[in-house]
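**Q** Heads up: the protein sequence lines correspond to chains L and A, in order. Reminder that position 346 of the first sequence reads as 346 in our numbering, one-by-one numbering, no gaps. Reminder that position 337 of the second sequence reads as 337 in our numbering, one-by-one numbering, no gaps.
Errors might be hidden in some of the hints.
List of simulated lysine-lysine pairs, DSS-like, C-alpha gap at most 30 Å [to be verified]:
#1 A:168 x A:328
#2 A:206 x L:487
#3 L:113 x L:59
#4 L:515 x A:210
#5 L:113 x L:211
#6 L:487 x A:210
#7 A:210 x L:492
#8 A:206 x A:354
#9 L:515 x A:206
#10 L:113 x L:176
#11 A:353 x A:295
#12 A:206 x L:492
#13 A:359 x A:206
#14 L:492 x L:176
#15 L:156 x L:59
#16 L:487 x L:515
#17 L:193 x L:220
#18 A:295 x A:76
On the chain L side, residues computed to face chain A include the following (Cβ under 10 Å) [unchecked claim]:
#19 344
#20 352
#21 456
#22 501
Output of the computed footprint for chain A on chain L, the stretches with three or more beta carbons under 8 Å from beta carbons of chain A [what the hints assert, rightly or not]:
#23 458–469
#24 482–489
If you're looking for bench data, these hints aren't it; they were derived computationally from the structure. Note that the coordinates shown come from a computational prediction; the quantities given were computed from them, not determined experimentally. For each residue, glycine too, the CB sits at the ideal point set by N, CA and C.
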Amino acid sequence: MFRLLSQKMRRYRTSSSDNQTQAKQNASPKYLSKNLEGNLQVLREELGQSSDVIIRDMKISSNSDVDGAVIYIDGLVDRNLLNQDILQPLMFNLQVIKDNVNQKQSKLIDFIKSSVLTVGQISGTEDIDTVIAGVLSGHTAILIEGVTQALLIDTKGWETRNVDEPTNEVSIRGPKDSFNETLRTNTALLRRKIRDPRLTFQSLQIGERSKTDVTVAYIKGITPDHLISEINQRLKRIDTDAILDIGYIEQFIEDSPLSLFPTVGVTQRPDVVAAKILEGRAAILVDGSPMALTMPFLFIEGFQNPDDYYARPFFAAAIRWLRLLGFTLSIYLPGIFVSLKAFHPELFPAPLLVSVAAAREGLPFPVALEAILMLSLFEILREAGLRMPRSLGPAVSIVGALVIGQAAVSAGLVGAPMVIVVATTAIASFLVVPYADAGALLRFLMTIVAGFLGLFGMVIFQLEILSHLAALRSLGVPYLSPVTPLKLRGLKDVFIRAPLWAMDRRPEFLDSSDKRRQSPGQMPRAPQTKPGKREG
Amino acid sequence: MENRPISSQQFSALLFLLLIGSVLVYVPGITAAQSAWIAILAGAVIGIWVLYAVISLHEMFPGQRITQISTLVLGKVPGTILNILFLWSIFIFACGLLYDFYILLNFINPAIAVEVLCFIIILTCVYCLYQGLNIIGRLGELSVWISLIFLILGIGIALPLADFSNLKPLASAWKPLAAGTFFSADWPFAIVVVLGLFLPLVATIKEHTKQIYGWYLISALLLAILSAETLAILGPELSESTRFPLFLIYRLIGFGEFRRLELIFLFLWLISGITPIIILYQGLNFIVQDIFRLKDYIKLILPLGLVLGVFTLYMFPSDMLYDILENKYSPLFTFPVNFLYPTLLLLAAGIQKKRASSKSTPGSAPARPEKPSLPATRPR
Numbered sequence: 001m002f003r004l005l006s007q008k009m010r011r012y013r014t015s016s017s018d019n020q021t022q023a024k025q026n027a028s029p030k031y032l033s034k035n036l037e038g039n040l041q042v043l044r045e046e047l048g049q050s051s052d053v054i055i056r057d058m059k060i061s062s063n064s065d066v067d068g069a070v071i072y073i074d075g076l077v078d079r080n081l082l083n084q085d086i087l088q089p090l091m092f093n094l095q096v097i098k099d100n101v102n103q104k105q106s107k108l109i110d111f112i113k114s115s116v117l118t119v120g121q122i123s124g125t126e127d128i129d130t131v132i133a134g135v136l137s138g139h140t141a142i143l144i145e146g147v148t149q150a151l152l153i154d155t156k157g158w159e160t161r162n163v164d165e166p167t168n169e170v171s172i173r174g175p176k177d178s179f180n181e182t183l184r185t186n187t188a189l190l191r192r193k194i195r196d197p198r199l200t201f202q203s204l205q206i207g208e209r210s211k212t213d214v215t216v217a218y219i220k221g222i223t224p225d226h227l228i229s230e231i232n233q234r235l236k237r238i239d240t241d242a243i244l245d246i247g248y249i250e251q252f253i254e255d256s257p258l259s260l261f262p263t264v265g266v267t268q269r270p271d272v273v274a275a276k277i278l279e280g281r282a283a284i285l286v287d288g289s290p291m292a293l294t295m296p297f298l299f300i301e302g303f304q305n306p307d308d309y310y311a312r313p314f315f316a317a318a319i320r321w322l323r324l325l326g327f328t329l330s331i332y333l334p335g336i337f338v339s340l341k342a343f344h345p346e347l348f349p350a351p352l353l354v355s356v357a358a359a360r361e362g363l364p365f366p367v368a369l370e371a372i373l374m375l376s377l378f379e380i381l382r383e384a385g386l387r388m389p390r391s392l393g394p395a396v397s398i399v400g401a402l403v404i405g406q407a408a409v410s411a412g413l414v415g416a417p418m419v420i421v422v423a424t425t426a427i428a429s430f431l432v433v434p435y436a437d438a439g440a441l442l443r444f445l446m447t448i449v450a451g452f453l454g455l456f457g458m459v460i461f462q463l464e465i466l467s468h469l470a471a472l473r474s475l476g477v478p479y480l481s482p483v484t485p486l487k488l489r490g491l492k493d494v495f496i497r498a499p500l501w502a503m504d505r506r507p508e509f510l511d512s513s514d515k516r517r518q519s520p521g522q523m524p525r526a527p528q529t530k531p532g533k534r535e536g
Numbered sequence: 001m002e003n004r005p006i007s008s009q010q011f012s013a014l015l016f017l018l019l020i021g022s023v024l025v026y027v028p029g030i031t032a033a034q035s036a037w038i039a040i041l042a043g044a045v046i047g048i049w050v051l052y053a054v055i056s057l058h059e060m061f062p063g064q065r066i067t068q069i070s071t072l073v074l075g076k077v078p079g080t081i082l083n084i085l086f087l088w089s090i091f092i093f094a095c096g097l098l099y100d101f102y103i104l105l106n107f108i109n110p111a112i113a114v115e116v117l118c119f120i121i122i123l124t125c126v127y128c129l130y131q132g133l134n135i136i137g138r139l140g141e142l143s144v145w146i147s148l149i150f151l152i153l154g155i156g157i158a159l160p161l162a163d164f165s166n167l168k169p170l171a172s173a174w175k176p177l178a179a180g181t182f183f184s185a186d187w188p189f190a191i192v193v194v195l196g197l198f199l200p201l202v203a204t205i206k207e208h209t210k211q212i213y214g215w216y217l218i219s220a221l222l223l224a225i226l227s228a229e230t231l232a233i234l235g236p237e238l239s240e241s242t243r244f245p246l247f248l249i250y251r252l253i254g255f256g257e258f259r260r261l262e263l264i265f266l267f268l269w270l271i272s273g274i275t276p277i278i279i280l281y282q283g284l285n286f287i288v289q290d291i292f293r294l295k296d297y298i299k300l301i302l303p304l305g306l307v308l309g310v311f312t313l314y315m316f317p318s319d320m321l322y323d324i325l326e327n328k329y330s331p332l333f334t335f336p337v338n339f340l341y342p343t344l345l346l347l348a349a350g351i352q353k354k355r356a357s358s359k360s361t362p363g364s365a366p367a368r369p370e371k372p373s374l375p376a377t378r379p380r
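The following block holds chain L by itself, in its conformation from the complex:
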């Protein structure tokens, strides 16, 4: 029954997408005519009557009678650039233009392009749709009477946010810049870090209506070609109205959309993206989003932090273990407490058991329900803290802390040990931010399972999570690499963070074309002093 339904759905989807593709192919391209007024009329119809669409009629050079028009969107273009480098040279009394006006008009446009306009990026087109797409993305179009070609000049210049400090991924020793909403700024931030001519930004537009610029960044010769073609294939498959944020792209291209665990990395730090690209991964940047996606994304990456690589290795390795412990606690701690209390109280040492029992004396709820209530309360506070106006934040924190910390215990609704357990869990959950969402859901599920089946249920559930994780892939790379399938070299950056000079190869599991990233044997050594010349 389900198979029949899914087959029908698939057939319907295939046929509808075929129809759409055919419709797109049948739409014949429209070209500019020699009649300026006709061209402007078409453009007005296509662009609508929006107040921000500016069509500026003009005479090319002051003494000529050649009509022209400049079209742009107010707010998307740099006005200074438009006035000084386009309108001024075109309209002011330039003898050269006048002389050339007498020539063939088709040559006039080439002349303007090569000798008059003082702008960096100019292209010519005869296609009306290209003109419209260009204008909508911040270009200025110049149309001239009697010419079937338009000039598209890159005059993008809208208001942008400055490059600020990253708010979500704080680093103590690392760089303090983060991506912003402008794609070109983001690519420039990457280009500043990797000055390799093989660093490639491959761009395409996605979104039937939003026409959002999406860029795939990688280094040719390091990132395997099959990864790039797979990413491109997935991006080209997206057929949607609009891409308003990078999250849209993430949901369309991830390997396991129904998994709790992310298989695409998200970061706002250019140094993280640069490091991942240099390892052989690819990044995706989207215009309008201050985040970048990195693929393939493996489970262990969630536990890695940029500061791990900027600090010396020993502390970095210890902190990584701490993150692993924090993640484990954030998922299991409430479940363990519930199962010990409800099923295996003998596991508590006698003094602890007595104090736990005393704290729970007279409480109205069973321990599992108490845990779920407290966890829910914490999630409510967390969500409220995220969404509310910033000025209200401290007030809610005080109320939350008082309600959870004191009032609930004094009122006899929950026991003090449960408050400690939930508070520890809450803090531990923020040690590994990429899995905070997945962790929250798993925590609830684990607590429910513990309430029904005790430790046995937890271990069985854990086995299922493990087998699910083992089945996950990111861009074809097993999610649990390099732990399983085991790649010994890859373990240098898993449970420990080996010194940078010891990590001379790129991760094996990424199957990079250029396997070596540095020469081996670069361990720093003290200079050898000759015997007899020792100091002291």
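Given chain L, put chain A in place with the hints provided.
**A** This is chain A only, laid out in the frame that chain L set:
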């Protein structure tokens, strides 16, 4: 679901878990009393022959499961008859393991009914099998380290409780030693024959046979140490009469104010205990697929799991019946089958190869068995 071969490292991990997990709940070869650990080592020697036979058959018929080799070498009818006997032997093992496992869990947590425990275990296995075969390999590769850590930790913590005079006199009578060797060869060592069903999925077996034998020997050694320690702590009588001797040992140990550490080792039991069940269960899927010449085994997973669960619940209504059937009568059937099945196939394949080479003209290259086609298994 995907069709990626499992690596030799993962295969070795599965072998380790199959051997260790099968016996965590009791001392193999306990019939030999204080010499049980010697019986285990002797049983391991018999088991290594089974492993050798299985690997040799795989090298002679690459890409074929042992059940497919059986019909290929012996012919359709005799091969299928042997496969049915093999199926029954594996089925008995799977039931026994499942029973042991849920009885242990019921012993730990009597609040949960055995029926519930049985079906939770079965459904967990079903979930893992639906994920794909290479996922079992990866799960094994992950679990092997957890099991090793817990095992070594357990051995280390319990060592102060050992009284090694319990192990004397050594090999005082040959009859109990022979019986112990027989029973430990039956379970767990001869059960490695089931891995003959997985070998076609292993990527590079030829280059890594040493690794596989190495893991086999490590498992045998660990089992011998574990059994010697159990005997040294509990003594032969208590070791034999206790239902879960290792569990009892872990109950005796403590750490500071924490006196009941046995549940910490629950992880070890669950991970090491469920992997052999998954392996045997998947083995059953393969055998049934080959006997009935099915294209796909996916559809068999759930029904076979339910059969396994229901059958186990009805086959062993009490521990006493389990003891009689599983420890007294079934080895008389399972050991000959598991030992003779690969041996017979290896002999038949060897004879066939000799005949083929004698038929070929002198000086020409010896005829090789025709390269068989890949098993008609749906990619997993």
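**Q** Just pull the numbers of the violated hints for me, sorted ascending.
**A** Violated: hints 10 and 22.
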